[in-house]
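Keeping their order, the protein sequence lines are chains A and B. In this text, residue positions in the first sequence follow numbering that gives the first Met the number 0: the first is 0, and each later residue adds one. In this text, residue positions in the second sequence follow numbering that gives the first Met the number 0: the first is 0, and each later residue adds one.
Think of the hints as simulated: they come from the structure by calculation, not from any bench. It is possible that some hints are incorrect.
Dumping the calculated DMTMM-like pairs for lysine to aspartate or glutamate here, alpha-carbon to alpha-carbon at most 25 Å [unchecked claim]:
(1) B:Lys-362 - A:Glu-42
(2) A:Lys-34 - B:Glu-363
(3) B:Lys-356 - A:Glu-121
(4) A:Lys-159 - B:Glu-42
(5) B:Lys-229 - A:Glu-28
(6) B:Lys-177 - A:Asp-11
(7) B:Lys-75 - A:Glu-112
(8) B:Lys-148 - A:Glu-38
(9) A:Lys-148 - B:Glu-42
(10) B:Lys-148 - A:Glu-121
(11) B:Lys-43 - A:Glu-154
(12) B:Lys-362 - A:Asp-119
(13) B:Lys-43 - A:Glu-28
(14) B:Lys-39 - A:Glu-28
(15) A:Lys-148 - B:Glu-22
(16) B:Lys-68 - A:Glu-121
(17) A:Lys-8 - B:Glu-42
(18) B:Lys-68 - A:Glu-38
(19) A:Lys-137 - B:Glu-363
(20) B:Lys-39 - A:Glu-31
(21) B:Lys-75 - A:Glu-38
(22) B:Lys-356 - A:Glu-30
(23) B:Lys-53 - B:Glu-107
(24) B:Lys-356 - A:Glu-38
(25) B:Lys-68 - A:Glu-28
(26) A:Lys-58 - B:Asp-249
(27) B:Lys-39 - A:Glu-121
(28) B:Lys-39 - A:Glu-103
(29) B:Lys-229 - A:Asp-11
(30) B:Lys-75 - A:Asp-79
What follows is each chain in one-letter form.
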Amino acid sequence: MFLKSKVIKYGDNINTDVIYPGRYLEITEPEEMAKHAMEDLDENFHEKVREAKIIVAGKNFGCGSSREQAATCLKYAGIDAIIAISFARIFFRNAINKGIVAIECKDAYKIEEGDEIEIDVEGGKIKNISKGEVYHVKPLPPFLLNIIKAGGLIEYMVRK
Amino acid sequence: MTLAEKILSEKSGSKVEAGDIIEASVDKAMSHDNAALVIKNFEKIAEKPWDASKIVIILDHRVPANTIKTAEAHRKIREFVSKHGINFYDINYGICHQVMIEEGHVKEGMLIVGTDSHTTSYGALGAFSTGIGATEMAAVWTTGKIWLKVPETFKITITGKLPPMVFSKDIILHIIGKLKADGANYKACEFYGIVENMPLADKITMANMSMEMGAKAALFGGDGEGVYEKEFEFDVSELSPQIACPHSVDNVKSVEDVEGKEINQAVLGSCTNGRIEDLRIAASILKGRKVAKNVRMLIFPASMKIYRQALEEGLIKIFAEAGAIIMNPGCGCCLGAHEGILASGEVAIASTNRNFKGRMGSKEAEVYLASPATVAASAIEGKIADPRKYNWVRCGE
């Protein structure tokens, strides 16, 4: 599985309240959730996501509330993958369960807004095309990869 | 062995140690209003839950329903629980974590998952409990099982004598300020020292807030004999009341550095600090005094049981006479989803658990987190205030 795209870059401790504010928790349609993605963090997110499908962030991405809408809204806004120095644990599980590639990469700080990168998901490699660099990461275990490839946990269980 | 290793060994049926990835059997699966999302996912993969007696649903986040969308979600949940015979607590019970404990769903040694990050609260009773998302919960409802990585454990020991008007909330805020928002990410935290002898309410506050440094679980009742990844000791003899300043829970300062900051709203309650002990402390400060003219004080007891007890003890009268607004038990304004929303430029002090940007309403508002005593003192003065200048007046009990 290879993913190639421009990057949207964020910092440390991006919490699920700014990714998906609590005032929208009653929404149940994912397309509707997507409209509020990153609303309290980045008002230009929707413009950026038109050509950038990968988020790169610092430490502890997705900390705070267990709200799965934080992963769902990013997926339906068009995000295919998130690379972070580290993830908060519930968000990491939610991302994978929603079919988003979530990869920990200690070199994530080297990637900048607008860089074009290519992720080799099985191979555990991130190629920074803009900078001519390659970062090595620990590949996801096969059972998590299978969930992502199916499009998420529910889709995976339906197929099984 | 650590408590996490002991409990997860039993729940996976084999001897496990930190770092192992296991499949474990779940004893209780808790959801609140977001059960509506769980149901939506569950109905795509199964017809019947694995064991209805182990599923608990408690409505608390937006109660009573504030919009038609919420009302429809609540209706869907009521229909679902009645169809499958699931343990259900409607809007007249209270906040999920408090109700789980009050109604006896939490026992030592259990593995509990909940679709709420503050599910870590049940570690106060020695359960391994952690938050998961709605999709994952649908899978738990189907199979009764979950995969988990056995966490490494931090041993945190609290020493010294806690000064007057300083509480377990101040201790845990202090710890989060030192360890930082990701300081215990993926880890279990075991607590020892003076906190072992504190009332359950204080332990719940600490287990609840451990989530704010990323903890997967927070546990009391261990023997301290395990292999710990790190050990910490905090002497609290000189600790001042602590305040988590905007916009992160690890931005913690002593009250001396923040006092005088004008506030518009004072919030007492939540799963973190809405228990009878918390209400008594606040009442002891508010008794015979008035909430400042420009402050709205909102009080959300953590459950109806606590509300009724507060009525019997005369605490509600004290609050009402002080000019506070007593709300129904629920999550209220803690997460900005229901009532008590802040406007831009407004400032709140709250006994709740998060102060993220936009958490309680406008992203241009500010939330300061503190103990119930600091919230009450601040409500009276109209600005962030040191509760140590108020004498303890016995209320309730």
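*Which hints from the list above does the structure break, by number from lowest to highest?*
When the structure is compared with the hints, numbers 3, 5, 7, 8, 12, 16, 17, 19, 21, 27, 28 and 30 turn out to be violated.
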